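Residue numbers (my numbering), protein chains in the order written: chain A, 344 to 646; chain B, 344 to 646.
One should not assume that every hint holds.
[Stated by the list, open to error] The calculated lysine-lysine pairs, modelled on BS3-like cross-linking and capped at a C-alpha distance of 25 Å, are: (1) A:Lys601 to A:Lys640; (2) B:Lys460 to B:Lys358; (3) A:Lys451 to A:Lys481; (4) A:Lys507 to A:Lys481; (5) B:Lys451 to B:Lys533; (6) B:Lys643 to A:Lys640; (7) B:Lys460 to A:Lys645; (8) B:Lys640 to B:Lys601; (9) B:Lys601 to A:Lys643; (10) A:Lys645 to B:Lys645; (11) B:Lys507 to A:Lys645; (12) B:Lys640 to A:Lys645; (13) A:Lys533 to B:Lys640; (14) A:Lys643 to B:Lys640; (15) B:Lys643 to B:Lys625; (16) B:Lys601 to A:Lys640; (17) B:Lys643 to A:Lys643; (18) A:Lys601 to B:Lys358; (19) B:Lys481 to B:Lys451; (20) B:Lys460 to B:Lys640; (21) A:Lys625 to A:Lys358; (22) B:Lys645 to A:Lys643; (23) A:Lys601 to B:Lys640; (24) B:Lys640 to A:Lys640; (25) A:Lys601 to A:Lys645; (26) A:Lys507 to A:Lys601; (27) A:Lys460 to B:Lys460; (28) A:Lys640 to B:Lys645; (29) B:Lys451 to A:Lys601; (30) B:Lys643 to A:Lys645; (31) A:Lys601 to B:Lys601; (32) A:Lys640 to B:Lys533.
Read the hints as simulated data drawn from the structure, not as lab findings. Bear in mind the structure is a predicted one, so any value in this text is a computation, not a measurement.
2 protein chains.
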Amino acid sequence: MSLLVTGSIGIDTIKTPGGIRENCLGGAAVYFSMAASFFSAVRFVGVIGSDCPFDLAEIFAGRGVDLTGLELRAQSKTFRWTGSYHEDMDDRTTESTELNVLAEAPPKVPEAFKDSKFVFLANTAPALQHELLGQVEKPAFVAVDTMDLWIQEYPDDLTALLTKIDCLTINEDEARMLAGRHNLIRAVQKILEMGPGVVIAKKGESGSIMCNAEGDIFILPAFPAADVIDPTGAGDSFAGGFMGYLAQTGRTDFETLKTAVAYGTVVASYSIADFSLDGLTKIIRRNIDNRLAELRKLVKFKL
Amino acid sequence: MSLLVTGSIGIDTIKTPGGIRENCLGGAAVYFSMAASFFSAVRFVGVIGSDCPFDLAEIFAGRGVDLTGLELRAQSKTFRWTGSYHEDMDDRTTESTELNVLAEAPPKVPEAFKDSKFVFLANTAPALQHELLGQVEKPAFVAVDTMDLWIQEYPDDLTALLTKIDCLTINEDEARMLAGRHNLIRAVQKILEMGPGVVIAKKGESGSIMCNAEGDIFILPAFPAADVIDPTGAGDSFAGGFMGYLAQTGRTDFETLKTAVAYGTVVASYSIADFSLDGLTKIIRRNIDNRLAELRKLVKFKL
């Protein structure tokens, strides 16, 4: 089924204890699309400025990513982000952010994309996510990512958005912040009461936990990574694998959601194994399926 | 097969955001024995002073815990610990520690216990653990717990001990400290090189990861707990379930170790659900087996 993503395209500078990569391709919609492309065609909506050095058509060539919704604004500049990771690679400091096009009006969802069934609204101001969602006619499953900034600055916008969506993906600390609960299970339960039928709390190297409004729970560790090179885009890669698999199957029952979380986990493990998109561009679907089987073995025990 | 534990008996005062319990029964050997007793007979070695208000014979009545190795020192006082848990229940502050009998000579392993096959040396100074281990004739599987204090104060003693044992259970932050590695997988690999054939890194509410020297890995989340009342003894309860199941089966192959970790995880989840030993004393083996099946379902996904 059709899969739409709206989100950022970024020019990233990434500093890690192991090295620096300057002015590389990033952005939530880019990571998401690359990850999802192993499973499904992707409809891409995002904005760049005239300074964007990347040819997205070339980067996504042969991957089924429809760039009809990629808007180039000649008078604007592309979103830029510089971040530096701490020694443990789970924490990072944002050194600079230049919103540029992201501070302007959001892009338009092209006519041809308005019938999209699976929709991922990558992290941005919840009012913008709301506006983008309003341009899709009758989506079947809408997932949203958010962050601490919006929880703190625009709680009402976020609360309104939560009543309109099917699934929220959120970092564990942000889940606690949004819910005002220290216990993560309690926090997720509280967010479920706010609207979404499914909540996925992301715990970095400790994996994720998914709960639905019916009380089902699924917990999965991350794939063990001895070499984390660049965690940037891990959450969006996770979302791409997750939504890509759902769009591929066309189903959203809890069993399918569980497998989708596992696929998201595996795709994220490849994403963090190299800088920028390099961890994703050098694998094929068979690598993902093989690692999925490995992951299943890692958590399996006999009664 | 026979299972021996050496470790502390404590008079604990526990402060949590939800309440306070003063002068309650605690100590590593006590939590361990209660947890292991669901699976196997336990041989108990530890010391109390004349001030100990608890009748361990009564507390362990009908549970197959042999207290021949419980030493009462009339001139000494029992170990006391006061700790207060932070809002997140994963971190705690030790408010006071009175070592008392723990600062004296260690207990003797009774003659009748010297042929023990499964041995757990609960957390104490590594030199004492070494001395206790020397009193066991020909153990088949020795597991040890340790903590930051010994890693920092007696690294040589600990390093020497690690060459004599089969399994180390250790908190994730302490594993990083011991190995000098930020990445947990790398840290565990480094500790495996120091001697033990198996290392289990405990991650609190995020579960645990077990690796062996052959490169096998097993990862298991904690059982999701919406109500954590008192995390004291969680690690020792985990170890009790783990070692108890190994002693019950008499096997130590990796498949059996995986199931043992799952049992340890489940027993710990009951331990933290109430103050002191109350979470463990009110359940029966069937509760544990039922929750084990639930845990298996929580992490299971279809390919």
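Checked hints:
no. : hint                 : verdict
1   : A:Lys601 to A:Lys640 : holds (15 Å)
2   : B:Lys460 to B:Lys358 : violated (37 Å)
3   : A:Lys451 to A:Lys481 : holds (16 Å)
4   : A:Lys507 to A:Lys481 : holds (12 Å)
5   : B:Lys451 to B:Lys533 : violated (33 Å)
6   : B:Lys643 to A:Lys640 : holds (10 Å)
7   : B:Lys460 to A:Lys645 : holds (24 Å)
8   : B:Lys640 to B:Lys601 : holds (15 Å)
9   : B:Lys601 to A:Lys643 : holds (8 Å)
10  : A:Lys645 to B:Lys645 : holds (16 Å)
11  : B:Lys507 to A:Lys645 : violated (29 Å)
12  : B:Lys640 to A:Lys645 : holds (12 Å)
13  : A:Lys533 to B:Lys640 : holds (23 Å)
14  : A:Lys643 to B:Lys640 : holds (10 Å)
15  : B:Lys643 to B:Lys625 : violated (29 Å)
16  : B:Lys601 to A:Lys640 : holds (11 Å)
17  : B:Lys643 to A:Lys643 : holds (7 Å)
18  : A:Lys601 to B:Lys358 : violated (38 Å)
19  : B:Lys481 to B:Lys451 : holds (16 Å)
20  : B:Lys460 to B:Lys640 : violated (33 Å)
21  : A:Lys625 to A:Lys358 : holds (22 Å)
22  : B:Lys645 to A:Lys643 : holds (12 Å)
23  : A:Lys601 to B:Lys640 : holds (11 Å)
24  : B:Lys640 to A:Lys640 : holds (14 Å)
25  : A:Lys601 to A:Lys645 : holds (20 Å)
26  : A:Lys507 to A:Lys601 : holds (22 Å)
27  : A:Lys460 to B:Lys460 : violated (60 Å)
28  : A:Lys640 to B:Lys645 : holds (12 Å)
29  : B:Lys451 to A:Lys601 : violated (52 Å)
30  : B:Lys643 to A:Lys645 : holds (12 Å)
31  : A:Lys601 to B:Lys601 : holds (22 Å)
32  : A:Lys640 to B:Lys533 : holds (23 Å)
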